[in-house]
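Protein chains in written order, with UniProt numbering: chain P, 1 to 282; chain B, 1 to 339.
Simulated from the structure, these hints should not be mistaken for lab results.
Misleading hints may appear alongside valid ones.
Unchecked claim - Under 8 Å between C-beta atoms, here's a sample of chain P residues computed to sit facing chain B: (1) S113; (2) V115; (3) I116; (4) A185; (5) A191; (6) P203.
Predicted model only: the values in this text are computed from it and were never measured.
Ideal placement from N, C-alpha and C gives every residue a C-beta, glycine not left out.
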Amino acid sequence: MKGRVAALALASPLALILLAFLLVPIGTIVVVSFFDYDSVRMFPAFVWTNYEELLLSPITWKTYLQTLWFAAVTWAICLAIGFTVAYFLAFHVHSALMQTVLFLICTIPFWTSNVIRMISWIPFLGRNGILNSALLSMGAIDRPLEFLLFSDFAVVLAYVHLYALFMVVPIFNSMVRIDRSLVEAARDAGASEWQVLRNVIIPLARPGIAIGSILVVAVVMGDFVTVRLMSGGQSASVGLMMVNAMSLLQYPAAAANAVVLLVVVLLMIAAMLRVVDIRKEL
Amino acid sequence: MAKGADIELVAVTKRYGAVTAVDGIALRIPAGTYCCLLGPSGCGKTSTLRMIAGHETVTEGDILLGAENITDLPPARRGTAMMFQSYALFPHLSCTDNVAFSLKMRGVPKAERRARAAEMLARVEMTAYADRLPAQLSGGQQQRVALARALITDPSVLLLDEPLSALDPFLRVRMREELKALQTRLGISFVHVTHSQDEAMALADLVVVMNHGRIEQAAPPREVFNHPASAFVARFIGGHNVIALAGGLPIPAPPGGARHVAVRADRMMLARPGAAELPLSGTVRSVEYLGATVAVGLAVEGLEPLSAVLPEAAFFADPVHPGEAVSLGWKPEDMHAIA
Numbered sequence: 001m002k003g004r005v006a007a008l009a010l011a012s013p014l015a016l017i018l019l020a021f022l023l024v025p026i027g028t029i030v031v032v033s034f035f036d037y038d039s040v041r042m043f044p045a046f047v048w049t050n051y052e053e054l055l056l057s058p059i060t061w062k063t064y065l066q067t068l069w070f071a072a073v074t075w076a077i078c079l080a081i082g083f084t085v086a087y088f089l090a091f092h093v094h095s096a097l098m099q100t101v102l103f104l105i106c107t108i109p110f111w112t113s114n115v116i117r118m119i120s121w122i123p124f125l126g127r128n129g130i131l132n133s134a135l136l137s138m139g140a141i142d143r144p145l146e147f148l149l150f151s152d153f154a155v156v157l158a159y160v161h162l163y164a165l166f167m168v169v170p171i172f173n174s175m176v177r178i179d180r181s182l183v184e185a186a187r188d189a190g191a192s193e194w195q196v197l198r199n200v201i202i203p204l205a206r207p208g209i210a211i212g213s214i215l216v217v218a219v220v221m222g223d224f225v226t227v228r229l230m231s232g233g234q235s236a237s238v239g240l241m242m243v244n245a246m247s248l249l250q251y252p253a254a255a256a257n258a259v260v261l262l263v264v265v266l267l268m269i270a271a272m273l274r275v276v277d278i279r280k281e282l
Numbered sequence: 001m002a003k004g005a006d007i008e009l010v011a012v013t014k015r016y017g018a019v020t021a022v023d024g025i026a027l028r029i030p031a032g033t034y035c036c037l038l039g040p041s042g043c044g045k046t047s048t049l050r051m052i053a054g055h056e057t058v059t060e061g062d063i064l065l066g067a068e069n070i071t072d073l074p075p076a077r078r079g080t081a082m083m084f085q086s087y088a089l090f091p092h093l094s095c096t097d098n099v100a101f102s103l104k105m106r107g108v109p110k111a112e113r114r115a116r117a118a119e120m121l122a123r124v125e126m127t128a129y130a131d132r133l134p135a136q137l138s139g140g141q142q143q144r145v146a147l148a149r150a151l152i153t154d155p156s157v158l159l160l161d162e163p164l165s166a167l168d169p170f171l172r173v174r175m176r177e178e179l180k181a182l183q184t185r186l187g188i189s190f191v192h193v194t195h196s197q198d199e200a201m202a203l204a205d206l207v208v209v210m211n212h213g214r215i216e217q218a219a220p221p222r223e224v225f226n227h228p229a230s231a232f233v234a235r236f237i238g239g240h241n242v243i244a245l246a247g248g249l250p251i252p253a254p255p256g257g258a259r260h261v262a263v264r265a266d267r268m269m270l271a272r273p274g275a276a277e278l279p280l281s282g283t284v285r286s287v288e289y290l291g292a293t294v295a296v297g298l299a300v301e302g303l304e305p306l307s308a309v310l311p312e313a314a315f316f317a318d319p320v321h322p323g324e325a326v327s328l329g330w331k332p333e334d335m336h337a338i339a
């Protein structure tokens with residue numbers, strides 16, 4: 001009995017934090033999503049109109065598809081970069097010191113805020129920016145490339161820049177745990193480098209790939225700042241929809257959208273966890 | 001099974017930067033030999049094994065298998081197979097897929113490779129566990145799967161890197177028997193790295209004692225035990241007293257001007273002072289009852305600690321106790337001169 005009390009006491013701080021900062025806010029959002037509102041305030045009520053308006057609007061569907069598309073493209077590029085960087089760090093850098101140094105270099109972008117990191121792309125990619133001027137003066141192009149800034153390209157570029165490290169870290173973490181003798185055993189059995197990668201390293205790095213994927217997909221699905229800044233208002237995202245609704249004081253509509261987004265993201269994560277068991281990694 | 005072939009190391013050297021791990025060793029292991037590379041850690045035995053396997057490049061010298069120079073061939077094209085320390089089974093693959101791995105790499109169709117893996121698992125009596133993951137097996141079972149995986153390539157030499165060190169003592173003795181039986185049945189050479197002299201004595205047809213990157217002695221176990229070639233060998237294989245012949249000891253010097261003599265601990269003679277004509281006198285340091293025998297630790301002034309192993313009955317006929325004075329000696333024919 002005493003052990004039980006002690007266990008509950010030990011678990012209570014985390015339980016309280018999760019309750020106060022996770023469950024209560026989410027509960028509030030769910031409750032508010034059923035409220036009614038007019039142009040200046042909202043009223044406690046239980047109406048389905050917020051969900052009806054949301055789900056019956058073609059704009060919602062278009063925006064969700066756009067956001068999913070951003071998430072998918074960003075995920076694929078981050079995975080390619082993250083896996084390659086992690087593989088290099090884990091298997092081709094042999095000294096632990098060098099691994100740490102290179103790893104820290106990867107984190108340098110994170111020493112500034114992500115808004116600054118995004119804004120710094122603007123003078124680089126703009127119509128009269130550094131890249132266009134350089135290409136023009138080299139004679140590689142004869143007029144500025146328009147797609148570089150305020151475009152889907154710019155949005156995805158910023159996402160990859162911001163979040164590729166989220167993929168590197170967990171994959172690297174999985175890879176350094178792979179026993180080197182497994183790689184030797186595979187070579188002993190006649191595996192080529194490529195076969196070692198496919199048959200040993202990728203399967204054993206799967207938990208890291210899953211965790212990195214969850215991180216990247218979750219942040220991209222919820223993002224609005226990057227889309228607003230880098231698309232110049234030409235693309236939308238689900239997060240941006242909610243921000244717009246809130247700026248019009250339509251909190252219940254934003255709350256309903258938040259609930260739908262939460263469900264969508266949870267379903268995506270559930271799907272990923274069905275494919276990969278990450279428990280042994282935690 | 002593939003036919004056996006002799007392994008020959010010719011002046012094989014391995015350097016890591018300025019450090020010489022293996023220093024120009026020459027060794028011939030006849031086909032069908034159970035060979036143990038024995039030595040303390042850092043003696044170069046594992047580097048030697050890994051060079052034979054092709055997981056370590058050879059700095060200088062050549063390695064021949066049969067008539068072929070395999071020095072620069074990749075691991076899988078040498079006709080060797082390696083069983084790794086702690087087995088290195090693929091944790092994400094079932095026993096069957098682990099055993100079938102090398103066949104998969106060679107592009108053997110799934111049905112055929114599964115059938116051959118099943119046959120191999122049957123040979124090591126692991127059929128019942130074919131669908132389990134390595135984490136669901138005991139140490140001994142993992143070892144059998146690792147053996148099956150190594151043997152499915154039909155190697156003419158199996159290389160084993162400390163294969164028994166991951167097992168508890170009881171299992172170690174049982175798997176040791178299994179290894180020996182398997183080697184006898186297959187008729188191929190096993191090269192087994194170990195730091196345990198018991199293991200080497202029990203298994204080997206040829207014991208190769210290594211120290212500081214060199215071979216101290218390569219001989220059958222009985223010869224190593226009865227005629228250790230150096231003080232190091234005598235000390236490392238145990239059961240010997242190594243006595244430095246530094247002036248004034250009342251023992252007859254062996255011919256040839258050797259500086260050490262080795263005497264097997266079980267050939268030491270012990271008596272009460274004055275009871276027999278024994279040349280040395282000393283004090284009992286310790287008495288250890290070992291069942292069939294009793295080990296008596298002895299201190300003799302001017303010599304490193306000695307030990308005498310007496311049959312149980314002989315010891316208890318007149319037991320000595322720590323602190324008591326004794327006289328000791330040995331028959332001249334039991335004394336063996338070493339460099």
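Status of the hints after comparison with the structure:
The criterion of a C-beta within 8 Å of any C-beta in chain B is not met by P:S113, whose closest approach is roughly 40 Å, and the hint is violated. Annotation: P:V115 was flagged as interfacial toward chain B, and the flag is violated, the nearest CB pair being 42 Å apart, outside 8 Å. Interface restraint check: P:I116 against chain B, minimum CB-CB distance 42 Å, threshold 8 Å, status violated. Residue-level restraint check for P:A185 holds (minimum Cβ-Cβ distance to chain B is 4 Å; threshold 8 Å).
Hint status for P:A191 relative to chain B: holds, with the closest Cβ pair at about 5 Å, below 8 Å. A cut of 8 Å between beta carbons decides the hint on P:P203: the least distance to chain B is about 5 Å, and the hint holds.
Hints 1, 2 and 3 from the earlier list are contradicted by this structure; the remaining hints agree with it.
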